[in-house]
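Trainee: Each chain, written out:
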Amino acid sequence: MSRFLRYAIPALLLIVGAGFVVYGITDGEAGLVLKKAIAICMECIGLG
Amino acid sequence: MTELFSESNLASLPEWFKSLFQSLFGFEMTQLSDPATLLGFAATFAVIGLVLWAMNALALFRIFKKQDIAGWKGFVPVYNRIVFCKLTLGSGWFFLLSFVPVANIVVFIISMVRLAKLCGKKAGAAIPLILVNPIAMLMLAYSEQGKKVWEHGKTIIQTAFFALTNSFMVGWFKGSIYQGNLKYICVPGMNCYSCPGAWGSCPIGSLQAVLNGFDTSKSWFDPKTGTYVKAPLYWFAFYVVGLIVILGGLLGRLICGLLCPFGWVQDLIHKIPTPKLKLPRDERLIARQKNPKLIRGLLTADKYARYLKYVFLFVMVIFLPLFVKADPWFCKYVCPSGLLIGGVPLMSLNQNLAAAAGSLTLLKGIILVVILVWAIFQFRPFCKYICPLGAIYSFLNPVSMYRYGIDDSKCHREGGCSVCAMNCKMGVDVVRTPNSPECIRCGGCKASCPHHAIHSGFRFKTEEGTVIRTGRRRREKFPDFDVENSDKNDVVA
Ligand code: SF4
Ligand code: SF4
Chain A
315 MSRFLRYAIP ALLLIVGAGF VVYGITDGEA GLVLKKAIAI CMECIGLG
Chain B
33 MTELFSESNL ASLPEWFKSL FQSLFGFEMT QLSDPATLLG FAATFAVIGL VLWAMNALAL
93 FRIFKKQDIA GWKGFVPVYN RIVFCKLTLG SGWFFLLSFV PVANIVVFII SMVRLAKLCG
153 KKAGAAIPLI LVNPIAMLML AYSEQGKKVW EHGKTIIQTA FFALTNSFMV GWFKGSIYQG
213 NLKYICVPGM NCYSCPGAWG SCPIGSLQAV LNGFDTSKSW FDPKTGTYVK APLYWFAFYV
273 VGLIVILGGL LGRLICGLLC PFGWVQDLIH KIPTPKLKLP RDERLIARQK NPKLIRGLLT
333 ADKYARYLKY VFLFVMVIFL PLFVKADPWF CKYVCPSGLL IGGVPLMSLN QNLAAAAGSL
393 TLLKGIILVV ILVWAIFQFR PFCKYICPLG AIYSFLNPVS MYRYGIDDSK CHREGGCSVC
453 AMNCKMGVDV VRTPNSPECI RCGGCKASCP HHAIHSGFRF KTEEGTVIRT GRRRREKFPD
513 FDVENSDKND VVA
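Protein chains in written order, with our numbering: chain A, 315 to 362; chain B, 33 to 525.
Derived by calculation from the structure, the hints in this document are not laboratory data.
Hints may be right or wrong, so weigh each one.
Derived BS3-like pairs (lysine-lysine); straight-line CA-CA distance at most 27 Å [what the hints assert, rightly or not]:
id	chain 1	residue 1	chain 2	residue 2
1	A	349	B	256
2	A	349	B	50
3	B	322	A	349
4	A	349	B	262
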């Protein structure tokens with residue numbers, strides 16, 4: 315892998331990741347994550 | 033003491049401060065009048081302070097030893113800072129500048145650059161030292177000093193990271209969970225968000241939560257099948273995938289090696305001294321075994337079983353939550369981490385929750401016990417065959433910013449050395465594939481290489497003209513492992 319790609323690919327990943335995060339926040343996904351995370355998830359901890 | 037936090041006493045505090053407190057800690061200030069909450073709140077700071085102090089002291093202990101300074105000096109508060117200033121800046125008096133605003137930041141940055149150089153790194157290596165100081169200091173202090181020292185360093189980092197990310201002591205004291213805004217953010221590893229101390233969210237749980245969401249306005253009742261057809265609210269979890277891509281793009285599976293709580297648990301369990309299942313990977317070694325056919329069969333089974341984690345990812349984390357809805361399928365029916373760090377403590381701290389245990393608890397209990405017992409004999413079975421988060425990071429591992437690289441001019445593979453491959457418990461030959469999707473960046477190979485041919489980091493410091501190879505090397509370029517030679521000369525016990 316060339317030196318350029320060695321840094322360009324992860325840099326691109328970070329930019330794409332940041333774009334996804336911003337889009338996700340504006341679309342309300344972050345709120346859904348918080349809603350799920352602040353209540354005890356009975357299935358996750360194996361109750362039932 | 034507790035009356036101090038009554039409504040009337042707190043009335044004089046500005047509203048913004050009270051709401052900041054609530055969004056950060058997840059409960060109102062007035063709740064501090066409850067003794068358990070107050071105790072937990074104070075313990076949170078005590079634990080965070082203690083862990084940070086221990087991380088710093090243990091790192092300084094090793095750094096001082098490396099520089100021929102008595103290691104105990106690293107454990108003495110204040111004095112360790114004076115010695116550190118003397119080592120990096122030339123005079124202990126610079127310590128006084130830590131009390132001067134702005135100057136302390138400048139002194140800190142300069143001392144980190146000097147420290148990186150003292151340890152033989154480029155100045156750029158100071159960036160992680162500045163940004164994530166406690167962990168980067170430990171990595172720097174415990175690396176390149178042999179396998180045993182690195183193993184200690186790795187365990188310290190894993191333990192400290194778990195302690196820091198699960199240090200909401202109010203939850204541990206009261207059998208409840210953290211409900212503040214930090215839970216918007218996902219932690220890097222498989223850390224159940226229902227763990228009483230967890231400050232952040234689990235990426236795999238969050239991914240399923242988003243894909244599980246359904247749009248009631250577009251959902252409809254199908255009279256033919258008698259079912260309610262749920263239309264997905266989101267077809268793609270941009271927010272969670274974005275966070276995973278950022279973390280994985282930066283670190284790859286270094287997260288698995290150092291920062292994941294369930295990886296840490298498996299590592300600890302694997303330390304129990306029993307015979308270990310470790311498959312030899314080269315023909316000469318296989319030929320020496322009692323039953324080479326069985327070994328070859330196990331190797332083939334291992335190779336295909338590793339694809340199972342992708343099946344768990346695509347079926348239980350993506351497909352079923354998106355199209356069948358109802359449950360976080362992976363969390364509910366498989367994830368052993370949820371029961372271990374969420375279910376077990378919550379059930380033992382909270383009677384009401386314990387009363388809710390039933391058949392699902394039994395199923396998950398069996399899965400957990402099987403995986404933990406398995407982990408005694410084989411290194412990280414969950415990570416190799418099951419973990420969907422490891423599966424996602426495995427895609428990012430070959431292209432992440434943090435990489436492994438081989439200095440072919442130092443590597444003795446052509447002469448038959450195979451120490452690194454024999455020391456890799458994940459079954460990776462780092463010389464052939466330095467950034468294999470299966471490599472969890474545990475550092476075992478690097479620490480055991482007698483010729484210092486393996487490099488890791490965001491950038492590699494090399495002498496002029498040396499090329500560090502991060503890409504794959506073709507198999508036929510190497511002779512077979514020279515086991516005879518390796519046994520005598522190179523294998524580190
Ligand atoms: S593979 Fe999964 S459980 Fe294992 S260390 Fe990585 S994220 Fe954690
Ligand atoms: S190749 Fe090295 S760093 Fe990767 S898993 Fe194996 S021993 Fe650990």
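Trainee: Given the proposed pairing of residue 322 (chain B) with residue 349 (chain A), does the C-alpha separation stay at or below 27 Å?
Mentor: violated (56 Å)
Trainee: Hinted pair, alpha-carbon criterion (27 Å max): residue 349 (chain A), residue 50 (chain B). Please report holds or violated.
Mentor: Distance ~21 Å between residue 349 (chain A) and residue 50 (chain B) Cα, so the pair holds.
Trainee: Quickly compare the C-alpha distance for residue 349 (chain A) and residue 262 (chain B) to 27 Å and report which way the hint goes.
Mentor: Since the Cα atoms of residue 349 (chain A) and residue 262 (chain B) sit roughly 20 Å apart, the hinted pair holds (cutoff 27 Å).
Trainee: Would the hint linking residue 349 (chain A) and residue 256 (chain B) be met if the CA-CA limit is 27 Å?
Mentor: The hint is violated at about 34 Å.
Consistency with the previously given hints fails for numbers 1 and 3, ordered from lowest to highest.
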